[in-house]
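Just so you know, the protein sequences line up as chains A and B, in that order.
Heads up: the first sequence begins at 1 in the working numbering, then just goes up one per residue.
Heads up: the second sequence begins at 1001 in the working numbering, then just goes up one per residue.
These aren't lab readings, by the way, just hints derived from the structure by calculation.
The structure displayed is predicted, hence computed values, not measured ones.
Don't be surprised by glycine CBs; every beta carbon is placed ideally from N, CA and C.
Please note that the accuracy of each hint is not assured.
Quick partial rundown of chain B residues pointing at chain A, CB under 8 Å, derived from the structure [unchecked claim]:
hint, residue
1, 1057
2, 1171
3, 1391
Each computed DSBU-like pair below joins lysine-lysine, with the alpha-carbon atoms no more than 35 Å apart [what the hints assert, rightly or not]:
hint, chain 1, residue 1, chain 2, residue 2
4, A, 455, A, 189
5, B, 1284, A, 460
6, B, 1460, A, 455
7, B, 1254, B, 1243
8, A, 243, A, 233
9, B, 1243, B, 1233
10, A, 233, A, 254
11, A, 490, A, 314
12, B, 1455, A, 460
13, B, 1094, A, 94
14, A, 94, B, 1490
15, A, 189, A, 314
16, B, 1094, A, 314
17, A, 284, A, 254
18, B, 1460, A, 460
19, B, 1189, B, 1453
20, B, 1314, B, 1094
21, A, 254, A, 94
22, B, 1314, B, 1490
23, A, 455, B, 1284
24, B, 1254, B, 1233
25, B, 1453, B, 1094
26, B, 1254, B, 1284
27, A, 254, A, 189
28, A, 314, B, 1314
29, B, 1189, B, 1094
30, A, 284, B, 1453
31, A, 243, A, 254
32, A, 94, A, 490
33, A, 284, B, 1460
34, B, 1314, A, 94
35, A, 490, B, 1094
36, B, 1189, B, 1254
37, A, 284, B, 1455
38, B, 1284, A, 453
2 protein chains.
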Amino acid sequence: MATITQMATGTAFDVPQAGLSRYRGTTTEQKVNGTTKRIRDTKYRHVFATHSVTRTSCLSHDAESSPSFVGFRNLMILVLIVSNLRLMIVNLQKYGVLICISCHDYRRSDVITGLLLYLLVPAHLFVTYLIELAAAWQADRAYTRISKQRDEDTPAAYAAALRSFNSTWYIVAFFHSVNAVANLYIATKYVYYDIYHPGIGTLCEFHAVIVFLKCASYALTNRDLRHAYLHPKQADPLPALYKTCPYPQNINMKNLCYFWWAPTLVYQPVYPRTDTIRWGFVFKRLAELAGLSIVIWIASAQYAAPLLQNSLDKILTLNFTSIVERVMKLSTISVFCWLCGFFALFQSALNALAEVMRFGDREFYGDWWNVSSIRTYWTTWNKPVTNFMRRHIYSPLVGRGWPPALAQIFVFFFSGILHELLVGVPTHNIIGVAFAGMMFQIPMIALTDVIQKVKWIQGKVAGNMIFWISFCLVGQPLAALLYFFAWQAKYGSVSKQFQESPAMHLFLRR
Amino acid sequence: MATITQMATGTAFDVPQAGLSRYRGTTTEQKVNGTTKRIRDTKYRHVFATHSVTRTSCLSHDAESSPSFVGFRNLMILVLIVSNLRLMIVNLQKYGVLICISCHDYRRSDVITGLLLYLLVPAHLFVTYLIELAAAWQADRAYTRISKQRDEDTPAAYAAALRSFNSTWYIVAFFHSVNAVANLYIATKYVYYDIYHPGIGTLCEFHAVIVFLKCASYALTNRDLRHAYLHPKQADPLPALYKTCPYPQNINMKNLCYFWWAPTLVYQPVYPRTDTIRWGFVFKRLAELAGLSIVIWIASAQYAAPLLQNSLDKILTLNFTSIVERVMKLSTISVFCWLCGFFALFQSALNALAEVMRFGDREFYGDWWNVSSIRTYWTTWNKPVTNFMRRHIYSPLVGRGWPPALAQIFVFFFSGILHELLVGVPTHNIIGVAFAGMMFQIPMIALTDVIQKVKWIQGKVAGNMIFWISFCLVGQPLAALLYFFAWQAKYGSVSKQFQESPAMHLFLRR
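Go ahead and model the full structure; you've got the sequences and the hints to work with.
Laid out in structure tokens, this is it:
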């Protein structure tokens, strides 16, 4: 009944006021169903001028204002959901349920090697600490000596001091380098030769790279802090934040352990901290992490795995149309997993960790999804790594006189090597696709830098489209397909057929 | 070289200004590649405080402002394009090219009957004209008689005048009804029994329904104009627009022919007109119409036809999961064709026709894609029909004292009959799905009227989603599938299997 009343009071079918006003006769009030309704008593119902003015269609170019298209956004969301639900039905009809917990065959030796690396890798951070402890002890001795000569404020004294500082630093740097490289080398060697399962391998390699970067940042930051401690007059003052923990007081176990677990790759003696740990916040983030991990696992096992599997013979026969079709199909799943993975790692996991560590600066990423230049993407999607690269590679290189463009290229080169380590080593195929992908970013940056400024093609939208296409719709699924194929060619079902296939000519096999 | 320079001046990798300002040492100017660059000579590169303030992640609930998600809109567009391009590749690999001009088998008799109906149907509009010509002649005589009695301005005289007017009108209305119903009956009979091809049948039936509505509007409007002519004191004045062509001068061949071709179903003696015909505009609209027609044809022949064909056995065996899957797949093509068809008819065709006719009011539709209530959808997507329904059915019924809700239900009932005529008759299966679909709009209107006002579920978005789901993603493809199946069951490949199938129990066969 309420509904009928509501329909009755709706204006949808009412005569337009402008058109009607002239012909409105007397209006009588009438009691219908207990509510008072106004029934118009107009004589001429059939003559009002429906077409009374000249108007344009709202989609015409000569329309005064463009209508909103927000409804089409909703339609797009629905069509995406419906299309992919349909593909899920087809997938289930074709393969049944592929998700299976007991089916995973972790080799016993993989798990043992993995655990060993998990314990061994952080040990290198403690070695870094010991080296710094020795350097701090040496600096303390130098400080006493220098303070006696402090009155001599001449250029010659400056040069002598720098020489003396550097001769010590080269020794310190040597030990640091040996330690950091050893960490990376040992982990890579074990993952490449002894860990068969790519998942366990990836975790170990990730851990090693993170600790490698933390060691480097700890060593380099303390080098500058030490110099400032010994020669306070020769440079600008240190950040005000660091005053509560001056060098060499910061070289202590507690400070190191905080840096070990802090969600950053950049060492600072002092970080902005929050006052309390909100445990509710932590549990919500951990629940997100768990939920998203399950979603990614289902998507990979149920949708990506059969897709990758049945694209193998397309690569073997170099059927390019079918390869393109497979990459296109894979791209949706890969974008989906990538977005879930990004959120799980950078929003859920790092925020949970930061909350537990009372780490104040939660800017782990920017709004990279809106970027119009691929340059901006690489500086916003992964702030921990960007911060490391900026502080310890780009900025010192520019300081030494390198042209900024060259310093940027060097950063991408270094990042390319890390990417290849992280992807090529656990899959036991250092085929260079990840490295090439990173190097390919340099011309892409140059391209989108130009395109985003072109107004007549809506440069910002075009740049954003190029980013999504190159990165998520082509780059990632293609790379995934190539590494999967290389892995299968080495260990899997196609390794024999591969020897006689035309694809053999395209792949160099080790 | 320009690119390198541009990369060099980019700020992406530069140290953030706030963080750097404290440590900036002397700045030297250096000539590199002919351009002057500022190289910073800061001592402490590795110590600046990357993490200097407490910040939240931009996707966190406690973030100060929500970031823009415009990039995800672009991603959605791309994923939609890529997914559907992929389906096109799969379709081509599976079926090859299905588009074929010479393959269509129009029966000769279909074309002849169609042409006959094309000539016969408008004749009824001219019969309507002849009836009105007679009525106008009679009104002219009555006018002379009444003008003698004009002084008697009493209620009794009014009642007598109304009686006299109505007695004539009942005769006129009888002839109009016979003529209009005969038009619809003859066309429907020929289309249902003699035109096998559903395409030709649909065109003929559409033509007949349009002329039927035009006849009704012409008769009803002239009835009110005649009354106003005879009894000017008894009602409000007519629209100012009509003054240039007062009754009975408007009953002439030229005026009728203009209404015959004008892009409206509502008769007015005078319409707002444009000054000139922009032939460039006309050709652009016609080019759009041609292009979109080809696109719709390809989409139907290449994508919808095989999909409908291979869903037949799913309906025969009542495999509901597969029927759902087919409807989901069909929905994308059906939405696409619907949007193209809408644009082709309501934007391109009607605007072209309006331009040639110098018809001023081009509001053939509103921004129905943004509707949050299904009520608004039905009043905005097809303004010509809405205008007819409002002026000649809804508004007179409400004027006679019907509750507005009941009048609306009656409009949907009438519209449901027309929809069934337009779909059921050309497919030779009056199975009532189109009629039921229209009647189903009434509870849907009641539902979305409520939902759009609920704030905590973003009612407007929810209402819009319900509109798209019910109308474009379920309603249309399901109806298309059912009519296709019914047609195939009567004439096509499955007519024999159908007798023994479980689906037989669900379909009543005539």
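Practice task
Check each numbered hint from earlier against the structure, then list the numbers of those it violates in ascending order.
Solution key: 2, 4, 19, 21, 25 and 29
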